[in-house]
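**Student:** As a plain string of letters, each chain reads:
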Amino acid sequence: MFELLLNGFLVALTPYNLFIALVGCLVGTLIGVLPGLGPTATLAMLIPLIFSMPPASAMILLTSVYYGAMYGGSTTSILVNIPGESASVITCLDGNKMALQGRAGPALAIAAIGSFIAGTYAVLVLTFFGKTVASYALNFGPAEFFSLMVFGLSTVASLTGKNVIKAVVTTCFGLMISTVGIDLVSGAPRYTFGNPFLQDGIDFVVVAIGMFAFSEVIITAKEVRSGKRGEIIKAKSIWVSWAEFVYSLPSILRGTVFGFFIGMLPGAGATLSTFISYNLEKRICKHPERLGTGDIRGVACPESANNAASGGSLIPLLTLGLPGGGATAIMLGALMMLDITPGPLMFEKHSALLWTLVASMYVGNTLLLILNWPLVNIFARVMTIPTRYLMPIVLVISTIGVWSLSYSEVDLFLTGGAGLLGYYMRMHKYPIEPLVLGLILGGRMEQAYRQALIISKGSLLVFLERPISLGLLIAAVLFLMLPTILAKSKQFQAAREEAA
Amino acid sequence: MRARVRLFTRTRIEGLVIVLLAAGYLWEGHNVPDLYKMPGVPGPTVFPLLLGIVFALAGAWLLLAPDKPDAREAAEGDEKPVGKLRSRLIAHWHTVAMWAVILVYLFVMPDLGFPVATALLLLAFILLLGERRWYVVVGLALGATLVIHLGFALGLNVRLPLGVLTPLLK
Numbered sequence: 001m002f003e004l005l006l007n008g009f010l011v012a013l014t015p016y017n018l019f020i021a022l023v024g025c026l027v028g029t030l031i032g033v034l035p036g037l038g039p040t041a042t043l044a045m046l047i048p049l050i051f052s053m054p055p056a057s058a059m060i061l062l063t064s065v066y067y068g069a070m071y072g073g074s075t076t077s078i079l080v081n082i083p084g085e086s087a088s089v090i091t092c093l094d095g096n097k098m099a100l101q102g103r104a105g106p107a108l109a110i111a112a113i114g115s116f117i118a119g120t121y122a123v124l125v126l127t128f129f130g131k132t133v134a135s136y137a138l139n140f141g142p143a144e145f146f147s148l149m150v151f152g153l154s155t156v157a158s159l160t161g162k163n164v165i166k167a168v169v170t171t172c173f174g175l176m177i178s179t180v181g182i183d184l185v186s187g188a189p190r191y192t193f194g195n196p197f198l199q200d201g202i203d204f205v206v207v208a209i210g211m212f213a214f215s216e217v218i219i220t221a222k223e224v225r226s227g228k229r230g231e232i233i234k235a236k237s238i239w240v241s242w243a244e245f246v247y248s249l250p251s252i253l254r255g256t257v258f259g260f261f262i263g264m265l266p267g268a269g270a271t272l273s274t275f276i277s278y279n280l281e282k283r284i285c286k287h288p289e290r291l292g293t294g295d296i297r298g299v300a301c302p303e304s305a306n307n308a309a310s311g312g313s314l315i316p317l318l319t320l321g322l323p324g325g326g327a328t329a330i331m332l333g334a335l336m337m338l339d340i341t342p343g344p345l346m347f348e349k350h351s352a353l354l355w356t357l358v359a360s361m362y363v364g365n366t367l368l369l370i371l372n373w374p375l376v377n378i379f380a381r382v383m384t385i386p387t388r389y390l391m392p393i394v395l396v397i398s399t400i401g402v403w404s405l406s407y408s409e410v411d412l413f414l415t416g417g418a419g420l421l422g423y424y425m426r427m428h429k430y431p432i433e434p435l436v437l438g439l440i441l442g443g444r445m446e447q448a449y450r451q452a453l454i455i456s457k458g459s460l461l462v463f464l465e466r467p468i469s470l471g472l473l474i475a476a477v478l479f480l481m482l483p484t485i486l487a488k489s490k491q492f493q494a495a496r497e498e499a500a
Numbered sequence: 001m002r003a004r005v006r007l008f009t010r011t012r013i014e015g016l017v018i019v020l021l022a023a024g025y026l027w028e029g030h031n032v033p034d035l036y037k038m039p040g041v042p043g044p045t046v047f048p049l050l051l052g053i054v055f056a057l058a059g060a061w062l063l064l065a066p067d068k069p070d071a072r073e074a075a076e077g078d079e080k081p082v083g084k085l086r087s088r089l090i091a092h093w094h095t096v097a098m099w100a101v102i103l104v105y106l107f108v109m110p111d112l113g114f115p116v117a118t119a120l121l122l123l124a125f126i127l128l129l130g131e132r133r134w135y136v137v138v139g140l141a142l143g144a145t146l147v148i149h150l151g152f153a154l155g156l157n158v159r160l161p162l163g164v165l166t167p168l169l170k
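In order, the protein sequence lines correspond to chains D and S.
By our numbering, the letter at position 282 of the first sequence is numbered 282, and the numbering carries on one by one without gaps.
By our numbering, the letter at position 72 of the second sequence is numbered 72, and the numbering carries on one by one without gaps.
Do not take every clue at face value.
What the hints assert, rightly or not - Footprint (simulated), chain D over chain S, 3 or more residues, beta carbon under 8 Å:
| no. | stretch |
| --- | --- |
| 1 | 24-32 |
| 2 | 48-62 |
| 3 | 100-106 |
| 4 | 154-166 |
To be verified - Examples of chain S residues toward chain D, derived with CB under 8 Å:
| no. | residue |
| --- | --- |
| 5 | Ile18 |
| 6 | Met38 |
| 7 | Val41 |
| 8 | Pro42 |
| 9 | His94 |
| 10 | Met109 |
| 11 | Thr118 |
| 12 | Leu121 |
| 13 | Leu122 |
| 14 | Phe125 |
| 15 | Ile126 |
| 16 | Leu129 |
| 17 | Gly130 |
| 18 | Glu131 |
| 19 | Leu140 |
| 20 | Ala144 |
Worth flagging that the hints you see were computed from the coordinates, not collected in a lab.
For each residue, glycine too, the CB sits at the ideal point set by N, CA and C.
All chains should be modelled from the sequences, with the hints used to inform the complete structure.
**Tutor:** Below, the structure is given as C-alpha cells:
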C-alpha cells in the first residue's frame, strides 16, 4: 500500500498535475465565494474539458475544484452573511458576527486551518481504512436514511430560533417546496399548476439567494440608514492567534470526526454534516452559550465538518460507487465516462489511479492552505468597503447566480418572492436555515421514505423496527423537545421551592 | 377592545394562513390523477400527505396555543408595529423603495438587458443608501456594471442578456 501511495505522489507531484491542482483550487474557491454558482454546476461544466486530459489529471481537477468550493463557500458566509453554497449556511451564525467585530481575518484563517486538518484526516482514513470503513455505510438502508434526515432537520430546528413550532413550520415549508415538480418515480406533475417552468422543481439556489442574499441586503441597508449598524470594528489582526487556535482545536477535532462519519453515509452530504456537527458541538462544548455570538468555535466546527464530510463522501463513491450528493454524483459520472467503474473492485482494477487521487487530495489540501494565506488578507479587506457600495454589488452578483441556473425569468420571480418571504420571516423570528435545508434534503428524504415503504410493503412500523432508525427518531424527538422539557422542569421546581 | 386585540394577534393570523396553506397543499396533492398511482408502490401523494398534516398541525398550534400571544411576542423581542399600515409604509418608505427597485429589476432585467438594468439598479440603490456625490454614484454604477458584465460574460461564460443594447453590440 505504501509503495502504491508513493507512486501516487510521484504522479500527483508532476508539474502538470500540480498546475491542474492549483487551477482547480483557485477556480473552486472562486466558485464557492460567488453565491449561486455552486460546485455541482461547476463540476458539470468541467466534464467536457476532462475528455482531453489523462484520467489522473481529470480526477485531480475535479477533486481540487470540489475542495476549493467547500472553502470558498465559507468566505461570503463570514464576510456578508450570505452562504456561498449550502454547506456554509451554518457558518453564517458565528462567522459574520466575528467579521462585524473586526475579526474577519481570524474567522477566515480558522476556516482554512480547520478545513486543512479535517481534509487531512479524511484522506488518512481513506488511505488506511477506506475499504473497512465503507462497510459501515452498508448498514444504512432507506429507513435509516429517512430517519437520519429527520434527525438532521430536528437538530437544525432546535438550534435555530427559540420557538420550536416556528422552526417546524419553516422546515415543513422547505420540504413542501421540494415536492414541486415532476415526481421522479411516477412522472406525476405535482404543484406545477400547469406551468412548464415548474416541472423541473424549484432549485434551492433560487430560494437560498432570495432568502439569504436579498433579505440580508435590505436588512443591512435599513440598519445603515437608521444608524443601528455600528461601524465595523477595525480589524486587529489578519491571522488567528495561537491562543485562539488552541481554544478552537477541540471543536475542530470533534467537527472533523462527526462530519467525516456523517459525510460517509451516501446521501447525507456535507450540508447535513455541518448542521448535525454544530448542534452536537453546542450540546457538549464548554460555554455553549457563546456559540452564535461570534465565537470562533462556531466557524471552526462546521468548516471542519464540511471538509471532513467532503473527504468522507469520497469513500462510498470510490469503494461502493455510491455518490454522497450532487457534486460526488457528477464525479461518479466523470469516472464512468473515463471508463472507470467505482466500486469494491476499484482497489484491484484501478489502484494506480485511486492512489494518485488519494495523493492529490493531500496535495490539494496543502495547496489550499498555502493559497488562502494571502487570500485571507484580500478577503478580509472586503469588510472595509462601505456597505452602501458593497450591498448593491452583492445584489447584482446574487441575481447573476440565479440567472445562470437556467436563464429563466421564472427563477428571477421566484427568488424575488423568496426574498420577500425571507425578509418577513427574519423580521418575525421564523428561522430560514431549516427551510433551506428542508428544500435541499426533501427529494432524498422522500425517496428514502418511499423506498422504505416499498420494502416494508407499506408498513410505517419499518421506521421503528430497525434499531438505527428507531434510535435516530428518538434522538430527533429529544433534540426538539428536550430544551422545552428541561425549561419547564426548572420552572416547576422553582415554583415548588417558592411554595415551600 | 383589549380581548379583541389579543384574539387577532399576528401569530394567530400567521397560524391561520399556515393552516389554509396546508389545506390548499393537501387538496392540490389529492388532485394528482390516479393513473400515476401504481399498485403496491407508495404513490406521488404519500410524502406530501405527511408533510401537509405536520404543517397543518404546526399552524393549528400557532393559531390555538393557549399562551398569551402578546407576552410570547414580547419575549421573542418582536418590534410592535405602531400606527396603521399606510402610515407605517410611509415611515419606512426607504425599505419599500428598495424592495420596489429590486423587484422591478428582476422583472425588467431579461428584456431591458443586464447592462442597462444593472446600471439603473446600482444608481437607485446607492442613492437610497445615502450617497449624494453624483460622480461617485454614476461612476460606481457604470464601472461596476462594466466590470461585472465582462467578468461573468467573458470570464465565466454566463449568458447575460444585452436587451436594448443588442442592436448596438451585435
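**Student:** Would you mind marking each hint as holding or not holding in the structure?
**Tutor:** Results of checking the hints against the structure:
1. 24-32: With 4 residues in contact (Cβ-Cβ under 8 Å with chain D), the coverage given for the stretch 24-32 of chain S holds.
2. 48-62: With 10 residues close enough to chain D, the hint holds.
3. 100-106: holds (count 4)
4. 154-166: Contact hint for the stretch 154-166 of chain S vs chain D: holds, 4 residues under 8 Å.
5. Ile18: holds (6 Å)
6. Met38: With Cβ-Cβ at 7 Å, under 8 Å, it holds.
7. Val41: holds (6 Å)
8. Pro42: This hint holds: S:Pro42 lies near chain D, its Cβ roughly 4 Å from the closest one there, short of 8 Å.
9. His94: Check passed: Cβ of S:His94 comes within 6 Å of chain D, closer than 8 Å.
10. Met109: Because about 7 Å separates S:Met109 from the closest Cβ in chain D, which is inside the 8 Å limit, the hint holds.
11. Thr118: Since the shortest Cβ distance to chain D is 5 Å, the answer is holds.
12. Leu121: holds (7 Å)
13. Leu122: holds (5 Å)
14. Phe125: holds (4 Å)
15. Ile126: S:Ile126 check passes; min Cβ-Cβ to chain D is 6 Å, inside 8 Å.
16. Leu129: Result: holds, 4 Å to nearest chain D Cβ.
17. Gly130: This hint holds: S:Gly130 lies near chain D, its Cβ roughly 6 Å from the closest one there, short of 8 Å.
18. Glu131: Nearest chain D Cβ about 6 Å off; hint holds.
19. Leu140: Result: holds, 6 Å to nearest chain D Cβ.
20. Ala144: holds (6 Å)
Of the numbered hints listed earlier, not one is contradicted by the structure.
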